[in-house]
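Undergrad: Residue numbers (my numbering), protein chains in the order written: chain H, 1 to 282; chain Y, 1 to 282.
If you're looking for bench data, these hints aren't it; they were derived computationally from the structure.
For clarity, every value in this text was computed on a predicted model and none was experimentally measured.
Every residue, glycine too, gets a C-beta built ideally from N, C-alpha and C.
Take the hints with a grain of salt, since some may be wrong.
What the hints assert, rightly or not - Short derived list, chain H residues pointing at chain Y, Cβ under 10 Å:
id: 1; residue: Ala51
id: 2; residue: Trp55
id: 3; residue: Leu56
id: 4; residue: Gln102
id: 5; residue: Gly203
id: 6; residue: Phe209
id: 7; residue: Phe219
id: 8; residue: Ala274
Take a look at the letters that make up each chain.
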Amino acid sequence: MQEAIIPNGGVPSRLRAFLLPWRAARITPLTELTQAARLVPPAAMVATQLALTYWLWHALYAGVRVSAGLDVAQATTYAMLGVLYQQFSTVDRWSNGDTMVQLMTEGTIAFWFLRPVSARRYYLIRAVGDIAYGGGLALVAYLACLGIGAIALPPSWPAAGAALITLVFGLAITYYLHLVLDLICFWSTVNDAAITAVQFATGLLSGAFAPLWFFPGWFRHVSAFLPFQTTLNVPLSLYVGRLPASALGIQLAVQAAWTAGFALFTWWLWRRAAARVTVLGG
Amino acid sequence: MAQGTGRQVVRQVRGFFAAWRLVLRITAANLGGRLQYRGDFLTVLAMGLAWQTSVFVFVAVILTRFPGLGGWSASDVLLILAIRLLAHGVVVTVFNSLLLTPYIAQQGLIDFYLVRPMPVYRQVLLYQFPLNAMGDCFAAIVLFAVAITRLRLHWTPATVVYLAAAVTGGALLEGAVLTMVSILTFRRTIGMSVFMWFDRMIGTFGNYPFSILPLAARAALTYVFPVAFVAYLPAAVLTGRIASTGVPAWLAYASPAAGPLLYVGARYAWHRALRRYESGSG
Numbered sequence: 001m002q003e004a005i006i007p008n009g010g011v012p013s014r015l016r017a018f019l020l021p022w023r024a025a026r027i028t029p030l031t032e033l034t035q036a037a038r039l040v041p042p043a044a045m046v047a048t049q050l051a052l053t054y055w056l057w058h059a060l061y062a063g064v065r066v067s068a069g070l071d072v073a074q075a076t077t078y079a080m081l082g083v084l085y086q087q088f089s090t091v092d093r094w095s096n097g098d099t100m101v102q103l104m105t106e107g108t109i110a111f112w113f114l115r116p117v118s119a120r121r122y123y124l125i126r127a128v129g130d131i132a133y134g135g136g137l138a139l140v141a142y143l144a145c146l147g148i149g150a151i152a153l154p155p156s157w158p159a160a161g162a163a164l165i166t167l168v169f170g171l172a173i174t175y176y177l178h179l180v181l182d183l184i185c186f187w188s189t190v191n192d193a194a195i196t197a198v199q200f201a202t203g204l205l206s207g208a209f210a211p212l213w214f215f216p217g218w219f220r221h222v223s224a225f226l227p228f229q230t231t232l233n234v235p236l237s238l239y240v241g242r243l244p245a246s247a248l249g250i251q252l253a254v255q256a257a258w259t260a261g262f263a264l265f266t267w268w269l270w271r272r273a274a275a276r277v278t279v280l281g282g
Numbered sequence: 001m002a003q004g005t006g007r008q009v010v011r012q013v014r015g016f017f018a019a020w021r022l023v024l025r026i027t028a029a030n031l032g033g034r035l036q037y038r039g040d041f042l043t044v045l046a047m048g049l050a051w052q053t054s055v056f057v058f059v060a061v062i063l064t065r066f067p068g069l070g071g072w073s074a075s076d077v078l079l080i081l082a083i084r085l086l087a088h089g090v091v092v093t094v095f096n097s098l099l100l101t102p103y104i105a106q107q108g109l110i111d112f113y114l115v116r117p118m119p120v121y122r123q124v125l126l127y128q129f130p131l132n133a134m135g136d137c138f139a140a141i142v143l144f145a146v147a148i149t150r151l152r153l154h155w156t157p158a159t160v161v162y163l164a165a166a167v168t169g170g171a172l173l174e175g176a177v178l179t180m181v182s183i184l185t186f187r188r189t190i191g192m193s194v195f196m197w198f199d200r201m202i203g204t205f206g207n208y209p210f211s212i213l214p215l216a217a218r219a220a221l222t223y224v225f226p227v228a229f230v231a232y233l234p235a236a237v238l239t240g241r242i243a244s245t246g247v248p249a250w251l252a253y254a255s256p257a258a259g260p261l262l263y264v265g266a267r268y269a270w271h272r273a274l275r276r277y278e279s280g281s282g
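Let the hints inform the model, and build the full structure from the sequences given.
TA: See the structure below:
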């Protein structure tokens with residue numbers, strides 16, 4: 001198949017052949033942007049969520065100057081960035097019939113194993129497209145919030161850099177968590193419960209519901225042993241200055257360990273999953 | 001003449017009970033279907049419980065960190081949360097399948113529903129057994145028990161009736177919103193996010209006394225998105241804090257009626273919209 005794509009075997013052709021499958025990354029953005037009406041509800045939703053989050057945290061801090069090591073600007077910034085992360089870290093593929101559980105129940109998962117791109121790579125390409133699309137929207141919302149002064153800037157350039165690096169690793173861990181959930185479908189056909197479980201865990205233990213610093217010590221100790229807090233709490237804590245930029249090394253090591261562990265685990269899962277694809281009972 | 005009217009009444013009563021028997025049989029069959037995936041069943045059950053408990057934990061954390069929220073004591077805030085969770089438990093039990101209308105419409109199932117001898121709306125409600133309702137309801141009842149043991153309310157028959165009306169009204173209000181949003185699926189492809197918008201808004205902000213919010217936010221959550229009518233206003237009436245709500249006393253007292261009124265309007269809108277339904281198959 002590769003030979004057919006690369007008639008001369010030259011470097012440009014090889015590069016083109018390598019990049020060609022990445023056109024699939026455009027599927028989600030194109031699907032969303034060609035139905036512009038679908039952009040309105042999420043835009044309205046994120047605007048109301050951000051406004052209410054801003055008001056809520058300012059109201060909570062009305063009689064308090066510092067709580068859990070966070071002042072009002074830090075807590076509000078953390079909570080609002082958490083809203084953006086929750087809103088844009090995943091894209092709703094369900095209404096397009098494009099979730100893993102729908103592919104499994106409708107049998108169209110078979111096409112993933114008939115293409116000249118491996119199923120594992122295709123999944124990665126689609127996920128990168130989703131993250132790029134969601135990230136673009138999140139960036140627009142972030143800049144708008146920054147422009148009106150609702151969100152504060154990081155305390156320093158090193159803090160900003162540390163937050164950005166850990167965010168990249170956080171997104172990688174989120175990607176692997178979703179991949180594990182989707183691969184469960186190869187064994188259980190449905191993954192609704194697992195998705196609910198991880199949504200719950202991600203929302204609560206990552207700090208998306210509320211900054212983890214407000215929770216009791218035992219809760220934070222438990223969450224430190226789980227991957228969820230590395231996805232959001234770490235980058236946001238570095239961003240608002242609750243964690244010093246000097247903590248980057250240790251945080252990065254933890255994130256790298258989780259990423260490597262998940263990469264190995266999902267590599268093994270993909271091999272097992274590909275060997276047991278069941279389409280419509282056959 | 002009187003005999004004919006009597007027979008007609010008997011026929012209507014029989015028809016009513018026959019319809020309910022059919023609803024129960026379909027529900028039992030749906031439950032049986034969900035029980036086929038036992039792992040999924042147990043996880044959904046546990047997650048419903050964990051999800052609602054996390055809301056309680058979060059509010060407890062906030063109340064500990066920021067005491068005297070808008071002049072409301074912790075037990076009074078717990079009453080808001082208890083009413084909201086009880087109403088939400090009813091919503092999940094009865095109206096949960098409305099969330100699936102994008103999928104139901106996309107699969108062309110509405111076409112089948114239109115030719116069956118049962119109202120389309122009822123068939124949509126019976127589409128799937130809401131497993132998560134069990135966990136949600138259990139958590140809500142436990143929280144309610146905790147709230148009433150801490151509240152120093154003077155319980156009279158009128159108080160109990162008002163509380164029951166508040167929970168029913170809150171559930172119908174949420175049901176009305178879901179019904180109105182589901183109408184959109186008759187003409188367009190919409191995602192789950194539209195449904196989740198109001199759900200998340202109530203889930204995030206419906207647990208606090210709105211007196212902590214600025215006037216604009218309070219007005220928006222009362223008169224534009226009627227979140228205040230779900231739990232905040234009824235709780236203000238029960239705890240004698242109507243003055244702090246900023247709404248006329250008669251409106252606060254009548255707040256449980258908002259749900260039924262909106263629900264009747266939503267059902268009428270559904271009925272009208274169904275006439276203009278456009279099948280997914282053209």
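Undergrad: Kindly indicate which numbered hints from before are broken by the structure, ordering the numbers from low to high.
TA: 8
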